[in-house]
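Engineer: Each chain, written out:
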Amino acid sequence: MRDCAIANFTRALSLDVGDMRRKLLHAGPGGKVYTPEQVLAEMKTDPPTQEGLSLLKIWCMSDEQVQKEIQKARSSIAASRQ
Amino acid sequence: MSKSKRRSRKLAAPLPLVANRCDYEQATHWGAYWTKWGVLDFAAGCQPPIPYVDLYAAQATQAGWRQAIIDNGAIFVCGVGHGNDYVFTGQNEEILLDVGNPYDLTLMEGRYGSFLSCVFGQAAEAFVGAGMLGFFGYTDTYWFEAAVYPNSLATPFFTSHFTYDRALLSGKSQREAFDLTTAAYNQAIASADQTTARYLISDRDAMHLAALDESTGPYMGSTQPPPIPPAPPSTCPIAGAAVRLLNGLSKALGRHARFKAVSVR
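Chains as they are written, first to last, in this note's numbering: chain E, 20 to 101; chain H, 36 to 300.
Chain E with its partners taken away, still in its complex shape (with noise of 0.2 Å):
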């Protein structure tokens, strides 16, 4: 994860969410950013909110993933310009 915070457009209804998004994105003395595999971490041992499940699913895209999506983002702009 890069080292800059992520922001998000979610209502903390719930101390879950609150809780999720203290532990994402501002977890800790500090102002801890967590890692990838730290955020998986937490998946494990906390209930996943709708938050937490987004981030999972953006997460758990492999590269290899993300580089066809970009590739395909890449060709639709070829196609829109012929």
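Calculated directly from the structure, the hints in this document are not laboratory data. We put the CB at the ideal spot given by N, CA and C, even for glycine. Be a bit skeptical, because a hint or two may be false.
[As the list claims (entries may be wrong)] So, partial list: chain E residues that the calculated Cβ filter (under 7 Å) puts toward chain H: (1) 77; (2) 85; (3) 89.
[Unchecked claim] EDC-like, lysine to aspartate or glutamate: derived pairs with alpha carbons at most 20 Å apart: (4) E:87 with H:228; (5) E:76 with E:88; (6) E:91 with H:214; (7) E:76 with H:240; (8) H:71 with H:58; (9) H:207 with H:248; (10) E:91 with H:240; (11) H:71 with H:60; (12) E:76 with H:228; (13) E:91 with H:228.
Starting from the structure of chain E, add chain H where the hints point.
Structural biologist: Only chain H this time, still in chain E's reference frame:
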């Protein structure tokens, strides 16, 4: 009908829009900035200019929202706010729209909407089923990266999203606007690194449009886009690098804390 009356009807200003620009923590602070760039500045430059009500910060209350929409006869509502599958919120998470509230369903009747919010896209069908003309939103968490306020890493996320609003303001249909927004996300994904691409893919795939008729839009045939649309603030790739460098330094110094350019609650 007199000539002057006919002319005044022909030149009548487009119907107003109302924008929620709540601003009370990091995510909405970013969103408020980009909503001004993405919607308000653009609307002001359209030909003819599109009148708008800017509900900024403390003005983004439920009472202010309802009054602005009704008093001004808004045809388009938009903006940024935290949300979930049934509410879209304003300042300090005050509820602006609640799919379970019949008043809000009626309020949206005959209007178009675009909501930059997590998950509220899941309420689209209910609003359209109750008479809303069109609803664009996201059915999943909306993610963006942030480094140096307000631009840098956040730019591709917001410029992609606001393609939708700008297309509508330019007189496009909802379907055209949706397709242009998909293309904008694809453009951003095509030039993004692996990390940024992950979030952009997630946001693109969470886009959702529900409409009574996708071939309609709030400003079709009544407006032209600004001759020179306001450009987004230039991105600053060095910002991310600087943060990485600081983290490297932090590690080298044996400190546990990591530098972050911003903190998100």
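Engineer: Run every hint past the structure and note whether it holds.
Structural biologist: Against the structure, the hints come out as follows:
Below 7 Å, beta-carbon pairs count as interface contacts, and residue 77 of chain E has one with chain H at about 5 Å; its hint therefore holds. At about 5 Å, the closest approach between the beta carbon of residue 85 of chain E and any beta carbon in chain H falls short of 7 Å, and the interface hint on this residue holds. Using the Cβ-Cβ criterion of 7 Å, the hint placing residue 89 of chain E at the interface with chain H is satisfied: the shortest such distance is roughly 6 Å. For a cut-off of 20 Å, the pair hint linking residue 87 of chain E to residue 228 of chain H stands: about 13 Å separates their Cα positions.
For the given pair, residue 76 of chain E sits about 14 Å from residue 88 of chain E by alpha-carbon distance, which is consistent with the 20 Å threshold. For the hint pairing residue 91 of chain E with residue 214 of chain H, the CA-to-CA distance comes to about 16 Å; that is within 20 Å, so the pair holds. The suggested pairing of residue 76 of chain E with residue 240 of chain H holds, with an alpha-carbon distance near 12 Å, which does not exceed 20 Å. Our distance criterion of 20 Å between C-alpha atoms is met by residue 71 of chain H and residue 58 of chain H, whose separation comes to about 12 Å.
Between residue 207 of chain H and residue 248 of chain H, the direct Cα distance comes to roughly 13 Å. Compliance with the 20 Å bound is thereby established for this hinted pair. Pair hint residue 91 of chain E plus residue 240 of chain H holds up; C-alpha atoms about 13 Å apart against a cutoff of 20 Å. For a cut-off of 20 Å, the pair hint linking residue 71 of chain H to residue 60 of chain H stands: about 17 Å separates their Cα positions. Distance restraint check for residue 76 of chain E and residue 228 of chain H: the Cα-Cα separation of roughly 18 Å lies within the 20 Å cut-off, and the hinted pair is therefore satisfied.
About 14 Å separates the Cα atoms of residue 91 of chain E and residue 228 of chain H, which keeps this hinted pair within 20 Å; it holds.
Of the numbered hints stated above, none is contradicted by the structure.
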